[in-house]
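Visitor: Keeping their order, the protein sequence lines are chains A and B.
In terms of this note's numbering, the first sequence opens at residue 5 and continues consecutively.
In terms of this note's numbering, the second sequence opens at residue 28 and continues consecutively.
These aren't lab readings, by the way, just hints derived from the structure by calculation.
It cannot be assumed that every hint is accurate.
[To be verified] Keeping only pairs whose Cα atoms sit at most 27 Å apart, straight-line, the calculated DSSO-like set for lysine-lysine is: (1) Lys71/B - Lys56/A; (2) Lys71/B - Lys117/A; (3) Lys72/A - Lys49/B; (4) Lys68/B - Lys81/A; (5) Lys60/A - Lys36/B; (6) Lys94/B - Lys113/A; (7) Lys68/B - Lys110/A; (8) Lys113/A - Lys79/B; (9) Lys36/B - Lys81/A; (10) Lys110/A - Lys71/B; (11) Lys36/B - Lys113/A; (12) Lys67/B - Lys113/A; (13) Lys113/A - Lys63/B; (14) Lys63/B - Lys110/A; (15) Lys68/B - Lys64/A; (16) Lys71/B - Lys72/A; (17) Lys56/A - Lys72/A; (18) Lys67/B - Lys110/A.
Everything numeric in this text was worked out from a predicted model, so none of it was measured.
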Amino acid sequence: GDSVTQMEGPVTLSEEAFLTINCTYTATGYPSLFWYVQYPGEGLQLLLKATKADDKGSNKGFEATYRKETTSFHLEKGSVQVSDSAVYFCALSDLGGSQGNLIFGKGTKLSVKP
Amino acid sequence: DTAVSQTPKYLVTQMGNDKSIKCEQNLGHDTMYWYKQDSKKFLKIMFSYNNKELIINETVPNRFSPKSPDKAHLNLHINSLELGDSAVYFCASSPDGLNTEAFFGQGTRLTVV
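Okay, chain A solo, but in the shape it has when bound:
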């Protein structure tokens, strides 16, 4: 079945450091890909998405590119802030394998120190 694998955390960075969180997927069909963010004590918020190969999703300085050849959707940010501390989830939605429902990775906790 469909699955998402993302790098295990926690990830601890200093402010203004470069961030990469790796995400790879396995899908039956042609999925849409998402990054969600969960701040402490809150629900999930959509951070960015991409619906076809080579699409780049971007929001709040975060970027991820849909790479079909490597089945990857890695999250990057050039300069993290303390306020970016949260848990980040990679997810896919695939009509073929997941019937359109979101399948999540296990989440990566990011802590940014001043």
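With chain A held as given, fit chain B onto it using these hints.
Guide: Positioned in the frame of chain A, the structure of chain B alone reads:
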């Protein structure tokens, strides 16, 4: 004006009790979901409802029963609560459930003692 709202935010109850969590969305979406997040933050879908019809039941114990009185509401009723049911439960909705993003509520932290 909250898009997906669920109540209560916290729920502490004893084993064996029956409890309900309510969810409402004002986005006009056709599809609603319940997800369970365990203590390690892992999220797994429990139910999906499209326009009041159950689409998926991901091997959830039948003590859990979703009820959708209309397409804007999806409630979760849990019978005979067990310690292992302790988790955060998220309600979500999406426009049509077809490879589109979902919008999540704030979560209900259920603690069974």
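Visitor: With reference to the structure, classify each hint as holding or not holding.
Guide: Verification of the hints:
1. Lys71/B - Lys56/A: Between Lys71/B and Lys56/A the Cα gap is close to 24 Å, so the pair holds against 27 Å.
2. Lys71/B - Lys117/A: violated (30 Å)
3. Lys72/A - Lys49/B: violated (39 Å)
4. Lys68/B - Lys81/A: holds (23 Å)
5. Lys60/A - Lys36/B: With Cα atoms ~35 Å apart, Lys60/A and Lys36/B exceed 27 Å; violated.
6. Lys94/B - Lys113/A: The given pair, whose Cα atoms are some 33 Å apart, is violated under the 27 Å limit.
7. Lys68/B - Lys110/A: holds (7 Å)
8. Lys113/A - Lys79/B: Outside the cut-off at roughly 35 Å; violated.
9. Lys36/B - Lys81/A: violated (32 Å)
10. Lys110/A - Lys71/B: holds (10 Å)
11. Lys36/B - Lys113/A: holds (22 Å)
12. Lys67/B - Lys113/A: Cα-Cα ~11 Å, so holds.
13. Lys113/A - Lys63/B: holds (18 Å)
14. Lys63/B - Lys110/A: holds (13 Å)
15. Lys68/B - Lys64/A: holds (23 Å)
16. Lys71/B - Lys72/A: Satisfied, since the Cα-Cα distance of roughly 24 Å is no more than 27 Å.
17. Lys56/A - Lys72/A: With Cα atoms ~8 Å apart, Lys56/A and Lys72/A stay inside 27 Å; holds.
18. Lys67/B - Lys110/A: Status holds; Cα separation ~8 Å.
In this structure, the hints that do not hold are numbers 2, 3, 5, 6, 8, 9, in rising order.
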